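Just so you know, the sequences run in chain order E and H. Each residue of the first sequence is one higher than the last, beginning at 1 in the working numbering. Each residue of the second sequence is one higher than the last, beginning at 1001 in the working numbering.
Just so you know, these hints were derived from the structure itself, not from any lab. Remember, it's a predicted structure, so these values are computed and weren't measured experimentally. For every residue, glycine included, the Cβ atom is placed at its ideal position computed from N, Cα and C. Incorrect hints may appear among the rest.
As a list, the in silico PhoX-like pairs of lysine-lysine whose alpha-carbon atoms are at most 25 Å apart [claimed, not checked]:
| hint | chain 1 | residue 1 | chain 2 | residue 2 |
| --- | --- | --- | --- | --- |
| 1 | E | Lys212 | H | Lys1095 |
| 2 | E | Lys35 | E | Lys15 |
| 3 | H | Lys1016 | E | Lys227 |
| 4 | E | Lys42 | E | Lys85 |
| 5 | H | Lys1019 | H | Lys1085 |
| 6 | E | Lys102 | E | Lys114 |
| 7 | E | Lys227 | H | Lys1079 |
| 8 | H | Lys1019 | H | Lys1079 |
| 9 | H | Lys1095 | H | Lys1016 |
Which stretches of chain H does chain E cover? Using the computed rule of at least three CB atoms under 8 Å from a CB of chain E, they are [unchecked claim]:
| hint | segment |
| --- | --- |
| 10 | 1126-1136 |
| 11 | 1141-1150 |
Pulled from the structure, derived: some chain H residues nowhere near chain E, Cβ distances all over 12 Å [what the hints assert, rightly or not]:
| hint | residue |
| --- | --- |
| 12 | Val1013 |
| 13 | Ser1022 |
| 14 | Glu1054 |
| 15 | Glu1089 |
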Amino acid sequence: MSVDQEKLIAELVEKGLSGDMDSINAIEDRVLRSKAKSALAKAKRAAKVATKIVPSEKKTLEVSIDDKQPSDNLNQKIGHMIDKKFPGSLDSELNDTHIQLKPDQWFDIAQWLKSEPSLHFDSLQCHTGMDVGDEKLEARYNFHSMTHDHYIEIRIAVPRDNAHIPSIEQIWRIGDWFERETYDMFGIFFDGHRDHRRMLLPEDWEGYPLRKDYEVQETYHGIAIPKVKEGWE
Amino acid sequence: MGILENKFQDNVVVAKLDKLISWARSTSPWYFQFGLACCAIEMMSAAASRHDLERLGMMPRSSPRQADVMIVAGTVTMKMALRVKKLYEQMADPKYVIAMGSCATSGGPYWQHGYHVLKGVDIVVPVDVYVPGCPPRPEALIEGLLKLQEKILEERPLTRKMA
């Protein structure tokens, strides 16, 4: 590779890193273009590694807490942060075990939970639904951060007859099947899910079995489904 | 067999031929692998070297077109029931079904509260032999297969059926 070419590629990579991909795509010479692209990918990877190392250096979570509620509990701390950043998103008083949220801003909050360097919740460990009675269904999320090694639990309650929660499947890919299963069993709809089908039951099954008021359908494709029998006969 | 099946009056030649055919059928019942749950492990064990189903002329096939016996080994859910039926219909005559284990015979542990479990595979396909157990040991499955062989031996494929 000539010196000129190297200089040109270095310039293009700088442009690409600042978001200008057009100048690379505009190159006529295929070889040169692919060289520039691979150099760009390399630079991006290096940048990623650099940013990854930074948060792991400071292990402790530095969060400014309101003077009103001084607490070491992470659910409380992060609840406060969410309340500050997304006003009106909390659904109940903060407590030590979980953060109760409203569904409206959930997608933005979830994105922020993952991208904020001091939180960096990179793993959705568990997601499930629950019929909490009182005409409400609840979705629960357990998050863990590999970098900071801390956990929180988020709960979102929705009305039984209009159960819609924004999908976080595009943020944590594991959420894909988790949300499908919760939809299958509880009938909570996850808006924005790219593959919103039943997970375990057949597509044409009626009802959501883990709801407390679930009634088994009489037949399935002509096969009778016996109702619950009293004891063994 | 097709056009020859049950077309002949009973006589010495037909009886001997019947015996030959049913003997041939009974000693090579290739089975359709149908592992649906934990019973499948016992079925595999029965097919493996310690119990060795090939002593009985049985060999596992993965396609319903090549199989004579369907061993329904495990819990049949409602979702699967339709597929079991479809696969049974794809098998060539003569075909036999063994319901292996409690789930396939009656719903087993899901008898009372399993809303999604078929309460016995005999609701969708005709069953020849029921093997009890949860799961049945390979010996039990082999006994079931021997019973099936006895049943096949008693058949008269050529003789006209009396009304």
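For each hint, the structure was consulted:
1. Between Lys212(E) and Lys1095(H) the CA atoms are separated by roughly 43 Å; this puts the pair beyond 25 Å, and the hint is violated.
2. Of the supplied pair hints, the one linking Lys35(E) and Lys15(E) holds, its CA atoms being roughly 15 Å apart against a limit of 25 Å.
3. With a C-alpha separation of about 51 Å, the suggested pair Lys1016(H) and Lys227(E) falls outside the 25 Å cut-off, and the hint is violated.
4. For the suggested pair Lys42(E) and Lys85(E), the alpha carbons sit about 35 Å apart, so the restraint of at most 25 Å is broken.
5. For the hint pairing Lys1019(H) with Lys1085(H), the CA-to-CA distance comes to about 30 Å; that exceeds 25 Å, so the pair is violated.
6. A hinted pair counts as satisfied when its Cα atoms are at most 25 Å apart, and Lys102(E) with Lys114(E) qualifies at roughly 18 Å.
7. As the CA atoms of Lys227(E) and Lys1079(H) are separated by approximately 18 Å, the hinted pair is consistent with the 25 Å bound.
8. For the given pair, Lys1019(H) sits about 40 Å from Lys1079(H) by alpha-carbon distance, which is inconsistent with the 25 Å threshold.
9. Pair hint Lys1095(H) plus Lys1016(H) holds up; C-alpha atoms about 22 Å apart against a cutoff of 25 Å.
10. With a cut-off of 8 Å between beta carbons, the segment 1126-1136 of chain H has 0 residues touching chain E; three or more are needed, and the interface restraint is violated.
11. Check result for the segment 1141-1150 of chain H against chain E: violated, 0 residues qualifying (beta carbon to beta carbon below 8 Å, three or more required).
12. Remark: the non-interface label on Val1013(H) is consistent with the geometry, its nearest Cβ contact in chain E lying 45 Å away (cut-off 12 Å).
13. With 12 Å as the threshold on Cβ separation, the claim that Ser1022(H) sits away from chain E holds: the shortest Cβ distance comes to roughly 33 Å.
14. The claim that Glu1054(H) is not at the interface with chain E holds, since no C-beta of that chain comes within 12 Å of its own (minimum 35 Å).
15. Residue placement check: Glu1089(H) keeps its beta carbon more than 12 Å from all beta carbons of chain E (closest about 14 Å).
Hint violations for this structure: numbers 1, 3, 4, 5, 8, 10, 11, all remaining hints satisfied.
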